[in-house]
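S.K.: The residues making up each chain are set out below.
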Amino acid sequence: MLLQNKINKAKKGDNIAFQELIEEEKAKLYRTAYLYVKDENDALEIVQETVYKAYIAIKKVKEEQHFSTWLTRILINNALDFLKKKSRLIPIDSLDNSSCIREIQHEENMDLLHAIDQLEPRYKTVIILRYYNDYTIRQIAETLNCPEGTVKTNLHRALSKLKIDLREEYIQ
Amino acid sequence: MNDFSSKLKKEIHSIEIPEDKLSNAIEAGIKKGTSKRKSGYKFIYFSSAAVLLLGILIGTAFISPTMAEVVAKIPYLNLIFKSKSLDMIVWDKLNKQGYKLSSVGINYSPRKTINISLDGSDEYYNEVKTEVQKTVKEVLKSKGYDSYSIRITQQKDFKDYELNVDEKKEKNLLESEVTKILKQSKYTFDSVFVDPTEKSIFINIVGQNDYYKEVKNDVQKVALETAKTNHYPGYKIKVTRVTVEISKPDKGSLIIPAISEGLMSKKEYKVTGVGYKSKPLKIIIRTSIKSSDQSAKNLGEEIESEIIEFLKSKDISSVLGDEEYEIIIYSKDKNKIN
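Protein chains in written order, with the numbering used here: chain A, 1 to 172; chain B, 1 to 338.
Since the hints were made in silico from the structure, they are not lab data. Watch out, some of these pointers could steer you wrong.
Stated by the list, open to error - Partner residues are not named here, just some residues of chain A that face chain B (Cβ under 8 Å, in silico):
1) ASN15
2) ARG31
3) TYR34
4) GLU40
5) ILE56
Said to hold, decoys possible - Ranges between beta-carbon positions, derived for each pair:
6) B:GLY207 - A:GLY149: 54 to 62 Å
7) B:ASN204 - A:LYS11: 36 to 44 Å
8) A:THR150 - B:SER318: 50 to 58 Å
9) A:LYS86 - B:THR153: 17 to 25 Å
10) B:SER149 - A:ASP81: 16 to 24 Å
11) B:GLN220 - A:LYS85: 18 to 26 Å
12) A:LYS85 - B:GLU309: 34 to 42 Å
The beta-carbon is built from N, C-alpha and C at its ideal position, and this holds for glycine as well.
Pulled out of the complex, with its shape left as it was, chain A reads as follows:
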């Protein structure tokens, strides 16, 4: 009830309520953004943009809709946009170096994250939402604005890709 109160206040333009809502989500927002871009500054930029967009659109949140799901949707769209823009900048020159650096960072203890990192964004997204955010298939479908069937297929494919990739790594 408290949460619903805050959302209502924020919708009426109460900055403090809005700030408190974001405060509760910020760690998750940052980490999710980081999973996509693997860079502190880029992740921060995505969070900033997300907060901005959430702020100007908060009035549109429907009461029955969960604030957190709504916010996550904005974040994911931002992250995907960001990647899309960035992909046009990368190819020349930095290609060789960046792949080396990325590998070094992950060698520590993040083999699962490393595997997820190899997935295409849409597969990555369903994995993050299902197993990190604990969303149901239905919530994922709402978040991504696509049919539940698509979510199931993507989840299934993502998992089978992960299994293959992980297995190969264990063999070596």
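Model the placement of chain B on the given structure of chain A, informed by the hints.
M.R.: Relative to chain A, chain B alone:
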């Protein structure tokens, strides 16, 4: 699967959070929100920069773009080198047919896509969408390119954003304050630019690269402090060292666009990325084939010989001279396959 989920959560939780910076970012987001406005200009800024860059490349590399369609016997990559780049061809074709174009762009990742953005009303967009798609398909077919999907979007109208009174005040104050402080500290720089909507301060350093490296972090700190003491937290400071000197394009930038378009546009090459380093010239190709695949070696050799043939041809050897070069082709799992 619970095990998977908990392991994943554990790993994600080991991603460290830069608390201060995160708070700053959130604050800046809210502040930007309070000065409500439409977003969208960023993208245009970006795409116009890309077009500009392309323009330069084309201007330098293609001495005579009109003699594009040439007879056989010319190696595949040379043909592309002599022709206009794919996005320009698509642009010209659509432009000639009178479509209201906003931009044409090519994406290579995550999936190879040609993006066409159209100006005009919703009705116009819906009316011509399929025709445009068909035209682009024909262009691709005539070039023998089969690896792209086509995406048509509508460019929504937007107006150039004008700063409001508060933002103007913020900009002027910060620009003069930061300039003052930097001068006091005797840094050499030639511009301070404040964008209050993006919450960014751009500072351009003048001097040698060593000097730039030495002072970059300090300048950043000083500027951030200045913004904070003037009650504008959450600013990002971008320090650059851009000189207006026009340098000759290096050899790589002359030949890479053709190699890149040629190899990326046909599925058979399985190429996902093309990069290069100059001095000495090193061409790096990434492919989607696994090194365990029996045909990996063949593919590597095929790509290599395609490139060598191109580099040895008259067009290129006159550019390259007798400069040494190296070609490295990677499989998906980052093994060398040539």
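S.K.: Confirm or reject each hint.
M.R.: Results for each hint:
1. ASN15: 7 Å, holds
2. ARG31: With a minimum Cβ separation of about 5 Å from chain B (threshold 8 Å), the hint on ARG31 (chain A) holds.
3. TYR34: 5 Å, holds
4. GLU40: At about 6 Å, which falls below the 8 Å cut-off, the nearest Cβ of chain B leaves the hint on GLU40 (chain A) intact, so it holds.
5. ILE56: 5 Å, holds
6. B:GLY207 - A:GLY149: 54 to 62 Å: 60 Å, holds
7. B:ASN204 - A:LYS11: 36 to 44 Å: 43 Å, holds
8. A:THR150 - B:SER318: 50 to 58 Å: 53 Å, holds
9. A:LYS86 - B:THR153: 17 to 25 Å: Between LYS86 (chain A) and THR153 (chain B), where Cβ atoms are some 18 Å apart, the hint holds.
10. B:SER149 - A:ASP81: 16 to 24 Å: Cβ of SER149 (chain B) to Cβ of ASP81 (chain A): about 18 Å, so the range 16 to 24 Å holds.
11. B:GLN220 - A:LYS85: 18 to 26 Å: 24 Å, holds
12. A:LYS85 - B:GLU309: 34 to 42 Å: Given a distance of about 35 Å, which is inside 34 to 42 Å, the answer is holds.
Consistency note: the structure conflicts with none of the earlier hints.
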